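*Asks:* Spelled out from the first residue to the last, the chains are:
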Amino acid sequence: MTTLSVNHVARIEGHGDITVDVDEGVIKRITMDIVEPARIFESMVVGRTFEEAPLITSRICGICSANHAVTSILATENAFGVEVSQRTKKLRELLVYGSYLQNHGTHLYILAAPDYVGLPSVFPLAETAPEIVKRALALKRLGNELCTLVGGRTVHPTTAVVGGFTSEPTRTELLTFGKRLEEAVRDAAATVELFGSFDIPRYETKNDMLSLVAADNYAIVEGEIHSLAHKWNRPVSDYRGLMQEEVVAHSNSKHVMVDGKPFMVGAIARVNNSWDQLLPSARVVASKVGMRPVMKNPFYNNICQAIELVDAAERCAMLCYELADSDGSAAPVEFKPREAVGYGATEAPRGTLYHTLEYDKNGIVTAGDVITPTAQNLAGLEADMRAFAPSILKLEHDEFILKIEQLVRAYDPCLSCAVH
Amino acid sequence: MRPNVVFLSLASDFGCQVQITNFPELLEMLGTFNLSYWQLATSAHMPDEYDIAVIEGACTTKEHVELLEKVRATAKVVIIVGACACTGGIPSIALNGDLEEGLKLVYGEAAGKVAWGHIPPRPIGAVIDVDFKVLGCPVNPDEFSYVLQRALLGLVDNVHRETMCASCKINENSCFYAQGKVCLGLVTAAGCESFCINRGRACTGCRGIAADANMKAAREFAAKYTLEQEFLNGLEIYNSHAKGLVHDDSFC
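Order-wise, the sequence lines are chains L and A.
Just so we're aligned: 214 in our numbering is position 214 of the first sequence, and the numbers increase by one with no gaps anywhere.
Just so we're aligned: 1 in our numbering is position 1 of the second sequence, and the numbers increase by one with no gaps anywhere.
Next comes chain A alone, as it looks inside the complex (with noise of 0.2 Å):
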């Protein structure tokens, strides 16, 4: 039989979806699977039964929370995409200031009235247990495509460990920080093929912090450039969740 698929949405800007809606061989693979539920695409309604979860965004109201804990306890598999769903990715930047304030900011006196239930942004993974992560900001559908067809065939997702550093290498790109430019390279999550250096573009750091990465080591090397400041304030875009693990040496 051929396993239900669904796709959800919570805090974020649809990129990743659109990414996969770019990605040609879906209208092919949906023929290895039923595609049950997809609010960006068809009117038809969120199943009670399914087997794989594709969920995007951060978790940043009452409502994500209780909506991940039943799609955890309905989905056979959970495989969430892009930076907000794996690292609280931009939503998270609002952990650096008081969120009431942020709030007040934006909505002024009538904060109260709207914004019903929303809590402080955190990845998926610290609310449910994950099966599979496709990182990226947004994700590349390709990598996406792997993933799906990983899960479709009962394996186990296969993260990348290392840091940007060594395909930077290899892709014979120049380092930025000869440049006096901060580059988060140093400690994020391999995948991309380092696709922005290769453009021109220091990493900004949006598949969040490798496994193996070593903190302490690149502050260090940042240092040497006097851009160690620069350098942690730069991966408060997309690691403001990890933060803590940022600033503590015990991370290293």
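The following block holds chain L by itself, in its conformation from the complex (with noise of 0.2 Å):
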């Protein structure tokens, strides 16, 4: 029996192992270890106010804490009844397409791209393709700025609270960004054709895809449960019954299933479900390039990222436009808080997040629960990794890992919250 192992994967956002048993030709075990630390914050926000909840639960991480700051906040006016104002509605959905920008920038570019061009990083690319990096700092960049124009800066937004915005960006601010969103598109596109032109592992994955639906928009911040293969929706609030979570030994995430079977979520699961809810240009984009549902190769998981940076782009240009053309304040609306237990959802940009947050009286948390999408996706990943792998063994030792790892680079995990 021979054991190849990866100690410490780069290129993805956390600490992780990949441990793979091969005896005699046949591959008898191949995990993803997570040894990132745990970290304990569903018993870290009982006790805590309902102000500070959000704010400690954006602490689960840094990459997308756009999105555990407004899941958590969904979830404490779920509990409490609050109703709030169109305005913060579009704001927050403004925030987590910022977060997409900064998101799916860094991954493609920065983390996943140097695979696809045999580069340990993307460092030497700033001297053989300067335009490149310069795209992907300004897509990281107009990402940063949309966080900073609506959240107050890049990472753990300040301005967002339970009940709407302590500040909000003024009608110039909104025009001036919806221009430069505008002007992104190309850019935007400009990566779509990139990662449309490597060349691609051929894989396809068994498992089901998930992710948030909406009938009028491309779900972000609400929607239903759905699911690609069983073609079901399910409540938000019916999460915790439909979701398995359990503890494996090689892992300081828990694995989830559904109905005790992996799944995926992320890009790819979105461009899936709600193909029809994609602007135009950036179904013509994915067309040009040969996407379009339903796509089973969970490596392509990196061109429905760029798909949705086209989406993503002028979308926001249209809600900044429409902000600014728009009167109504998102100042944080009147509540009281109350005995309840409330749920949150949204799509963070590997996939659907959700937030249960558990009040007595006077709004102090009682209890919480997050399940994040790398917790999700673990699970798929290794039965992909399991499935994938034979056909790969061939290859020399540094090659074989080399693949695996960029299969694991294709989910984009991210272990900080797969640790929580």
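Hints are computed from structural coordinates only; laboratory data are not their basis.
You may find that some hints are simply not true.
Below, a list of computed lysine-lysine pairs in the DSS-like style, where the Cα atoms sit at most 30 Å apart [said to hold, decoys possible]:
1) L:Lys-89 with A:Lys-181
2) L:Lys-361 with A:Lys-113
3) L:Lys-28 with A:Lys-113
4) L:Lys-336 with A:Lys-224
5) A:Lys-181 with L:Lys-336
6) A:Lys-62 with A:Lys-243
These stretches of chain A come out as covered by chain L in the derived footprint (C-beta under 8 Å, 3 or more residues) [what the hints assert, rightly or not]:
7) 12 to 19
8) 90 to 96
These figures come from a predicted structure and were not determined experimentally.
Just so you know, even glycine gets a beta-carbon here, dropped at the ideal spot from N, CA and C.
Mind docking these for me? Both chains are given alone in their own frames, and the hints should help you get the complex.
*Replies:* Shown next, in the form of structure tokens:
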């Protein structure tokens, strides 16, 4: 028996190892070991106030902090029965899309692209292909600035609170930013073309794909849970009954199943499930590189992220103009805490993120639950690793490992989220 | 010769590293040092020798303690970034409850199988000597760049001793206490230009307790608005590791 292992897989968010046991040419075991230390956020929110809970859970992840903050706020508002203004809803959508631009931009160019051009990192590209690095930084910067415009800063939004926003962008800021977003659609489309031109490994997953969906919108902040394979819809408040969490010995992150089976969440699940809600420009760009539902190759998750960049840039430009030209306020609305349990869900860049917060009558948290996209993806990722590995076993050791890592990175795991 | 810099992270949300990648000068500054190891951005391996170690995160496992000791023995300069590293930050909230119970709440009866070598969270300064601190949750990229340049030039740390209240006044904010809301700027280290308060949000204390903070006076001030308990509870978010100090009047 030979054991191949990768200690601290590079270019992923967090600390994870890969272990592969091979016996006489047959793979006996293949695991993604999450060695990121346990962080016990669900116990740390207990006893904290409703104002502190979103601040604390936002710190689960510095990469998708906007999502954790908004999801926690939604759960709290759901518990207290808070109705927020349309303006607040739109600003939250912008904030979450800001996180898409940041995350997809970073993941595609800095974390994933080096695999496809045979480099250890993006840094050498600064000399050989400066226009690509420039485009990467421009998209990431746009996301950073959108998060700053709405949330006050690029990481851990400070203005988003239960009930609304403590400050909001001015009309001029929105108009100026809308223009910049419009201009970015071209960079986003070039990203789809770039990833569409790469030599992508051939493989099809057997896993189902879940995401939020909505009748009238590309579901990001509100919606129902949808299954690609089984076509059912379930309300967000059902998620704890729907999903089974289990502790596995090789990982500080729990694994999550639906009906005992692994599944996938993320850009590919959303593009598959909400294809009709994508803006026409995004669908056109996608079709040009041969992408249309149903996509079952998890490596396509990268291209789907790029497709979402096109959609997000154009959609956010429209949102900025809409907000600039409409009245109303996003100032926090009045509400009273009450003893209740609340559920919240958003589509984070890596997939559906669920928060539950239980409160006593004074608005103090009595229990909390968080299920992150990466925790949902881990069982599916391992299933895909097991199914994909035999087809590449004939490769040299380093190449074999690199291909497995490439699959891991296509899933875009976020391990600090996974262990939370 | 250009100094070798390594980036490491312990228990954290990676937010400070993300902030650092958000600063556009990084690519230009790469010319002044060798980025020898950064797990987040490149697949190159951790070298045995390096000059400057930049560390994010709180120390929460036995493995972290060993790593920190090794790093201290190797690096000429240690820079710690973010609240987790500087004060114990959000992870140190766990110190307010029973750690075993917390693990059990999250992992159930299987708690013993996972979370190997977990120890009570502590800031890096509680384990090894550090040369530079970049405060905040998350750090401000400009502040990081300033500190890194000081380190590269061989200077010493230039810490803010004073509290937030002065910068808050300069920025012409009105006081949250007058609205009956608690604000931790009374004792929190300055240096962020009262960032959150300028945006309508009370200070949550992410920069830790200032060296010049007068805890006794701050508690009395909060008590005048019947907010003393809320003030002390609020401090737990980022300062639970220093809680003994917070409640000990001799700290004042």
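*Asks:* Hint by hint, note whether the structure agrees.
*Replies:* Going through the hints against the structure:
1. Taking the CA atoms of Lys-89 (chain L) and Lys-181 (chain A), the gap is about 25 Å. The hint holds against a cut of 30 Å.
2. Restraint check for Lys-361 (chain L) and Lys-113 (chain A): the C-alpha separation of about 36 Å exceeds 30 Å, so the hint is violated.
3. Taking the CA atoms of Lys-28 (chain L) and Lys-113 (chain A), the gap is about 22 Å. The hint holds against a cut of 30 Å.
4. A threshold of 30 Å between alpha carbons decides the hint, and for Lys-336 (chain L) with Lys-224 (chain A) the separation of about 25 Å falls inside it, so the pair holds.
5. As the CA atoms of Lys-181 (chain A) and Lys-336 (chain L) are separated by approximately 16 Å, the hinted pair is consistent with the 30 Å bound.
6. For the suggested pair Lys-62 (chain A) and Lys-243 (chain A), the alpha carbons sit about 22 Å apart, so the restraint of at most 30 Å is met.
7. Closer than 8 Å: that is the beta-carbon criterion, and the segment 12 to 19 of chain A has 8 residues meeting it against chain L, so the requirement of 3 holds.
8. With 5 residues having a beta carbon nearer than 8 Å to a beta carbon of chain L, the segment 90 to 96 of chain A meets the requirement of three or more and the stated coverage holds.
Of the numbered hints given earlier, the model fails hint 2 alone.
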